[in-house]
Amino acid sequence: QVQLVQSGAEVKKPGASVKVSCTTSGYTFSTHAIHWVRQAPGQGLEWMGRISGYNGNRNYEQSLQGRVTMTTDTSTSTAYMELRSLKSDDTAVYYCARAPLGPYINFDYWGQGTLVTVSS
Amino acid sequence: DIQLTQSPSFLSASVGDRVTITCRASQGISNFLAWYQQKAGKAPKLLIYAASTLQSGVPSRFSGRGSGTEFTLTIGSLQPEDFATYYCQQLNTYPLTFGGGTKVEI
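Residue numbers (this note's numbering), protein chains in the order written: chain A, 2 to 121; chain B, 6 to 111.
It is possible that part of the hints are untrue.
Unchecked claim - Calculated lysine-lysine pairs in the DSS-like style (CA-CA distance at most 30 Å, straight line): (1) B:K50 / A:K13; (2) B:K47 / A:K14; (3) A:K88 / A:K13; (4) A:K20 / B:K47; (5) B:K50 / A:K20; (6) A:K88 / B:K44; (7) A:K13 / B:K44; (8) B:K108 / A:K88.
Simulated from the structure, these hints should not be mistaken for laboratory data.
Remember, predicted model here, so these are calculated numbers, not experimental data.
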């Protein structure tokens with residue numbers, strides 16, 4: 002069965018970096034992209050960006066450009082999201098989700114979420 | 006960026022009610038729209054994609070309609086497990102965007 006398993010909760014100080022992993026199984030990694038979505042406490046969903054499992058092509062939300070980097074390790078079918086220069090309003094649950102490559106994208110499987118808390 | 010406006014943002018309903026949530030896009034997105042259900046402390050769950058296609062395993066009381074700029078999600082007969090927050094998402098253009106959510110409560 003398809004599974005996306007994320008790394009554990011993190012507490013970081015302002016200005017630090019965090020790297021969240023998303024280890025996938027149960028499907029062929031190269032046929033899907035991994036998208037990252039975050040949700041601040043009590044707020045809605047915010048798309049952060051995506052990386053293709055096929056060729057590593059990336060699209061990032063413009064407001065995060067320069068602070069976020071998404072990578073993959075195809076040997077372990079794992080995706081990573083690194084966010085730098087953390088601020089208090091980066092405190093959120095971070096989700097990875099898979100989406101098929103092609104015109105009809107949909108996020109059919111999600112990771113369990115990783116809480117990142119930014120606090121001095 | 007394409008903005009999605011959901012209405013209402015909050016909905017009070019009873020078991021057995023028929024419920025409709027609307028999602029309006031700031032520009033045409035054909036049928037590149039999905040609906041998700043999210044319960045407290047859980048990841049979102051895909052309900053509908055391509056505006057009207059029911060995801061495998063989702064009960065048939067959920068249905069989606071629309072194209073262009075106006076879309077609806079209907080729950081035919083609300084069940085206790087349907088009390089949750091619902092989000093629409095456009096998948097036509099990067100950056101992908103979500104609506105603000107509709108919380109369905111008893």
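Hints, verified against the model:
1. A threshold of 30 Å between alpha carbons decides the hint, and for B:K50 with A:K13 the separation of about 29 Å falls inside it, so the pair holds.
2. Between B:K47 and A:K14 the alpha-carbon distance is near 26 Å, which keeps this suggested pair within the 30 Å criterion.
3. Between the alpha carbons of A:K88 and A:K13 the distance comes to roughly 9 Å, so the proposed pair stays at or under 30 Å and holds.
4. Restraint check for A:K20 and B:K47: satisfied, since their Cα atoms lie roughly 21 Å apart, inside the 30 Å limit.
5. Note on B:K50 and A:K20: the hinted pairing holds, with a Cα-Cα distance of about 24 Å set against a maximum of 30 Å.
6. Distance check on the hinted pair: A:K88 and B:K44 sit about 27 Å apart at the alpha-carbon level, within 30 Å; holds.
7. The hinted pair formed by A:K13 and B:K44 meets the criterion: a straight-line CA distance of about 27 Å does not exceed 30 Å.
8. For the proposed pair B:K108 and A:K88, the alpha carbon gap of about 28 Å is at most 30 Å, so the pair holds.
Every hint from the earlier list agrees with this structure, and none is contradicted.
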